[in-house]
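Protein chains: 2
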Amino acid sequence: MPSTETITLHNPLDMHLHLRDGDMLRTVAPLSAHSFSGAVIMPNLVPPVTTADDVKSYKERILSAIGKERFAPYMTLFFKPDYDSAFLESLRDDITAIKLYPAGITTNSEGGVSGFDVETLRPALEAMSALDIPLCIHGETNGFVMDREAEFIPVYEKLATAFPNLKIIMEHITTKESVAALDRFENLYATITLHHLFITLDDVAGGMLRPHLFCKPIAKRPEDREALLKVALEAHPKVMFGSDSAPHPQHAKESCGCAAGVFTAPIALQALAQLFETHQAPVEKLQAFISDNAQRIYGITPPKKSVILQKQPFAVPAAYNDVVPMFAGETIDYRIKEVIDG
Amino acid sequence: MPSTETITLHNPLDMHLHLRDGDMLRTVAPLSAHSFSGAVIMPNLVPPVTTADDVKSYKERILSAIGKERFAPYMTLFFKPDYDSAFLESLRDDITAIKLYPAGITTNSEGGVSGFDVETLRPALEAMSALDIPLCIHGETNGFVMDREAEFIPVYEKLATAFPNLKIIMEHITTKESVAALDRFENLYATITLHHLFITLDDVAGGMLRPHLFCKPIAKRPEDREALLKVALEAHPKVMFGSDSAPHPQHAKESCGCAAGVFTAPIALQALAQLFETHQAPVEKLQAFISDNAQRIYGITPPKKSVILQKQPFAVPAAYNDVVPMFAGETIDYRIKEVIDG
Numbered sequence: 001m002p003s004t005e006t007i008t009l010h011n012p013l014d015m016h017l018h019l020r021d022g023d024m025l026r027t028v029a030p031l032s033a034h035s036f037s038g039a040v041i042m043p044n045l046v047p048p049v050t051t052a053d054d055v056k057s058y059k060e061r062i063l064s065a066i067g068k069e070r071f072a073p074y075m076t077l078f079f080k081p082d083y084d085s086a087f088l089e090s091l092r093d094d095i096t097a098i099k100l101y102p103a104g105i106t107t108n109s110e111g112g113v114s115g116f117d118v119e120t121l122r123p124a125l126e127a128m129s130a131l132d133i134p135l136c137i138h139g140e141t142n143g144f145v146m147d148r149e150a151e152f153i154p155v156y157e158k159l160a161t162a163f164p165n166l167k168i169i170m171e172h173i174t175t176k177e178s179v180a181a182l183d184r185f186e187n188l189y190a191t192i193t194l195h196h197l198f199i200t201l202d203d204v205a206g207g208m209l210r211p212h213l214f215c216k217p218i219a220k221r222p223e224d225r226e227a228l229l230k231v232a233l234e235a236h237p238k239v240m241f242g243s244d245s246a247p248h249p250q251h252a253k254e255s256c257g258c259a260a261g262v263f264t265a266p267i268a269l270q271a272l273a274q275l276f277e278t279h280q281a282p283v284e285k286l287q288a289f290i291s292d293n294a295q296r297i298y299g300i301t302p303p304k305k306s307v308i309l310q311k312q313p314f315a316v317p318a319a320y321n322d323v324v325p326m327f328a329g330e331t332i333d334y335r336i337k338e339v340i341d342g
Numbered sequence: 001m002p003s004t005e006t007i008t009l010h011n012p013l014d015m016h017l018h019l020r021d022g023d024m025l026r027t028v029a030p031l032s033a034h035s036f037s038g039a040v041i042m043p044n045l046v047p048p049v050t051t052a053d054d055v056k057s058y059k060e061r062i063l064s065a066i067g068k069e070r071f072a073p074y075m076t077l078f079f080k081p082d083y084d085s086a087f088l089e090s091l092r093d094d095i096t097a098i099k100l101y102p103a104g105i106t107t108n109s110e111g112g113v114s115g116f117d118v119e120t121l122r123p124a125l126e127a128m129s130a131l132d133i134p135l136c137i138h139g140e141t142n143g144f145v146m147d148r149e150a151e152f153i154p155v156y157e158k159l160a161t162a163f164p165n166l167k168i169i170m171e172h173i174t175t176k177e178s179v180a181a182l183d184r185f186e187n188l189y190a191t192i193t194l195h196h197l198f199i200t201l202d203d204v205a206g207g208m209l210r211p212h213l214f215c216k217p218i219a220k221r222p223e224d225r226e227a228l229l230k231v232a233l234e235a236h237p238k239v240m241f242g243s244d245s246a247p248h249p250q251h252a253k254e255s256c257g258c259a260a261g262v263f264t265a266p267i268a269l270q271a272l273a274q275l276f277e278t279h280q281a282p283v284e285k286l287q288a289f290i291s292d293n294a295q296r297i298y299g300i301t302p303p304k305k306s307v308i309l310q311k312q313p314f315a316v317p318a319a320y321n322d323v324v325p326m327f328a329g330e331t332i333d334y335r336i337k338e339v340i341d342g
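Chains as they are written, first to last, in our numbering: chain D, 1 to 342; chain C, 1 to 342.
Derived from the structure by calculation, the hints contain no laboratory data. Incorrect hints may appear among the rest.
Interface residues of chain C toward chain D, partial, derived using beta-carbon atoms under 7 Å [to be verified]:
id : residue
1  : Leu201
2  : Asp202
3  : Ala205
4  : Ser255
5  : Cys258
Label-pair restraints from in silico Cβ distances [unchecked claim]:
id : chain 1 : residue 1 : chain 2 : residue 2 : range
6  : C       : Pro164    : D       : Ser114    : 52 to 58 Å
7  : D       : Ala318    : C       : Glu226    : 56 to 62 Å
8  : D       : Ala319    : C       : Thr278    : 43 to 49 Å
9  : D       : Pro123    : C       : His279    : 18 to 24 Å
10 : D       : Gly329    : C       : Pro222    : 32 to 38 Å
11 : C       : Asp203    : D       : Ala315    : 35 to 41 Å
12 : D       : Ala130    : C       : Ala315    : 54 to 60 Å
13 : D       : Ala319    : C       : Pro317    : 55 to 61 Å
14 : D       : Ala319    : C       : Ser64     : 49 to 55 Å
15 : C       : Arg122    : D       : Pro222    : 33 to 39 Å
16 : C       : Gly257    : D       : Ala315    : 15 to 21 Å
17 : C       : Lys337    : D       : Ala315    : 35 to 41 Å
18 : C       : Asp203    : D       : Leu63     : 40 to 46 Å
Cβ atoms here follow ideal geometry from the backbone N, Cα and C, with glycine treated the same way.
Just chain D, same shape as in the assembly:
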């Protein structure tokens, strides 16, 4: 007999999401909009989202793609050091955050920042501080792949010290070093993905090579995953869920040069429910991790939506159109029973 056990999550938020554009946007946006109340939308399109027109038209395309779902796309700009106070003020109501990419560090980040000189960045970052616009950072150097995130921490520290009123979000953290940095600076926060709570480099390259688990930052060591799990399961007040769900067509993943990104949006809540249960973490912690912490940190009030998850086997599809999700073909212990607006 199927279990009738359910848990209800209120207003789930994905604080780091890639929706792409065009056909891919139309494939993936409805999937996120179905089970989440809102998401912070990454701006690394080609070309990146850097103008008021870019933000507004991308938001319109997203809203058009999701149709009638209740879902807030929290828009972001692609950080440029020459953003000035007047420009940012004019856009204050249209954006939720600004995303900073070191140049060339991940998909479509070629136009990012290549130095982290405080004085060069000061005008833009002080304007953001004054307007209370959070700065989201993909924190990796160009160093050896397993060291890139830990090597970037001095940059976080420098920025956190120089701009004490700027909220800095360490995006998709993957290391124990980043977890430790959270508690050293009042204005450092973090998002954690689904996949980095589940996998290490062993899952990517320890047996067969598994391209659908290949992402940036790459999954790290077991002790890193343990550190991430600890702060997620306890819903550390400075930690938020951000899937970094990053769709690529199947042929781009299973090829000679496989693109980075794990597609998790449509299975994230189900997998998190299972993960928190496995570790006997109370549902209140999951609620804080999936929504409450983010609302408090960002000062946002998402559309009301209740997602009822039932403890019943959920066979994860092999693909959503031509995008292969994490856990494709496997079974998760929870399925979405019902989504209630309001």
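Use these hints to put chain C onto chain D, whose structure you have.
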């Protein structure tokens, strides 16, 4: 005007080679036999090579596949702890070494050794010592992928100490820890592959994911590659070239679960010539690394063959039948100008 600069390598040996069987054997064996005088042939077929009949019939299939090329297939047995003195003595002239796989550690190694208890292994290893049969070991634990080789070193040390007259070859070493172990035990030797002299994990997973560079042991850190390069370029007397060239059909590499192995046999000499030149290592060192050290360590006298490499661009084919080689589509600075028997 093309350069007329040439170097000549005498009797090159590949001390660790996978030739597979059937169609794949017929594809790859002639490629090795063309440019090498001989190779140590790995026994991890399905089922593995464990009997006199297995060894003899596999050798016949190899000789049949290579046709008229002058080439010595140095045969190996798949190590089993129950091999006894009489069995090994009866096979002494048919095998050059015995290969030990920890259970489940790489392609077709399911029947390998799962414990390394000295007393359990003593009868077989003492028989090998007495018959002067080298023991080749794939030295990895089942631990975290980046730690497996370093974690295995205590096993090498235990065996090297317990069986001081047994020649133990640490196969395809990838870490500075293994390089350091070479000088601590008189009876420890090592093979080094082509690809581990060229790549680190950054090349496999630092940019796009590159399945054709995925192998076991996985490529490690820059400082590990530096340590390997040092002993290869100086032709450390206990170090030999062993390609671990491991062909898989293209579809098995570019798929959802990619098999481990880099195919280097047909481009190895050309790439080594370039590598030694780049690092200004004298050709005598390459000669020692590619043949002389192995002849001395194994006590073998390969068929005479001179390979003349000319400094001219060599466009590496996209594939040999359906097997994609390392450097596919790239250009190497050296090509094979002529191979002279005798």
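The hints, checked one at a time:
Checking C:Leu201 against chain D: minimum C-beta separation of about 6 Å stays under 7 Å; hint holds. The beta carbon of C:Asp202 comes within 5 Å of a beta carbon in chain D, closer than 7 Å, and the hint placing it at the interface holds. The criterion of a C-beta within 7 Å of any C-beta in chain D is met by C:Ala205, whose closest approach is roughly 6 Å, and the hint holds. Because the closest C-beta pair between C:Ser255 and chain D is about 5 Å apart, less than 7 Å, the hint holds.
Hint status for C:Cys258: holds, given a least beta-carbon distance of 4 Å to chain D, under 7 Å. Roughly 56 Å separates the CB atoms of C:Pro164 and D:Ser114, a value that falls within the hinted 52 to 58 Å. Against the hinted window of 56 to 62 Å, the Cβ-Cβ separation of D:Ala318 and C:Glu226 comes to about 43 Å, which falls outside the hint. A hinted range of 43 to 49 Å holds for the C-beta pair D:Ala319 and C:Thr278, which are about 44 Å apart.
A hinted range of 18 to 24 Å for the beta carbons of D:Pro123 and C:His279 is inconsistent with their spacing of about 47 Å. Checked against the hint of 32 to 38 Å, the pair D:Gly329 and C:Pro222 passes, with Cβ atoms roughly 37 Å apart. At roughly 37 Å, the beta carbons of C:Asp203 and D:Ala315 sit within the given window of 35 to 41 Å. Distance hint check: the CB atoms of D:Ala130 and C:Ala315 are about 58 Å apart, consistent with the given range 54 to 60 Å.
For the pair D:Ala319 and C:Pro317, the supplied restraint of 55 to 61 Å is violated, since their beta-carbon distance comes to about 33 Å. The hint said 49 to 55 Å for the Cβ distance between D:Ala319 and C:Ser64, and at roughly 44 Å that hint is violated. Against the hinted window of 33 to 39 Å, the Cβ-Cβ separation of C:Arg122 and D:Pro222 comes to about 34 Å, which satisfies the hint. Between C:Gly257 and D:Ala315 the beta carbon distance is about 19 Å. The supplied range of 15 to 21 Å therefore holds.
Distance hint check: the CB atoms of C:Lys337 and D:Ala315 are about 59 Å apart, inconsistent with the given range 35 to 41 Å. For C:Asp203 and D:Leu63, the Cβ-Cβ distance of about 42 Å falls inside the hinted range of 40 to 46 Å, so the restraint holds.
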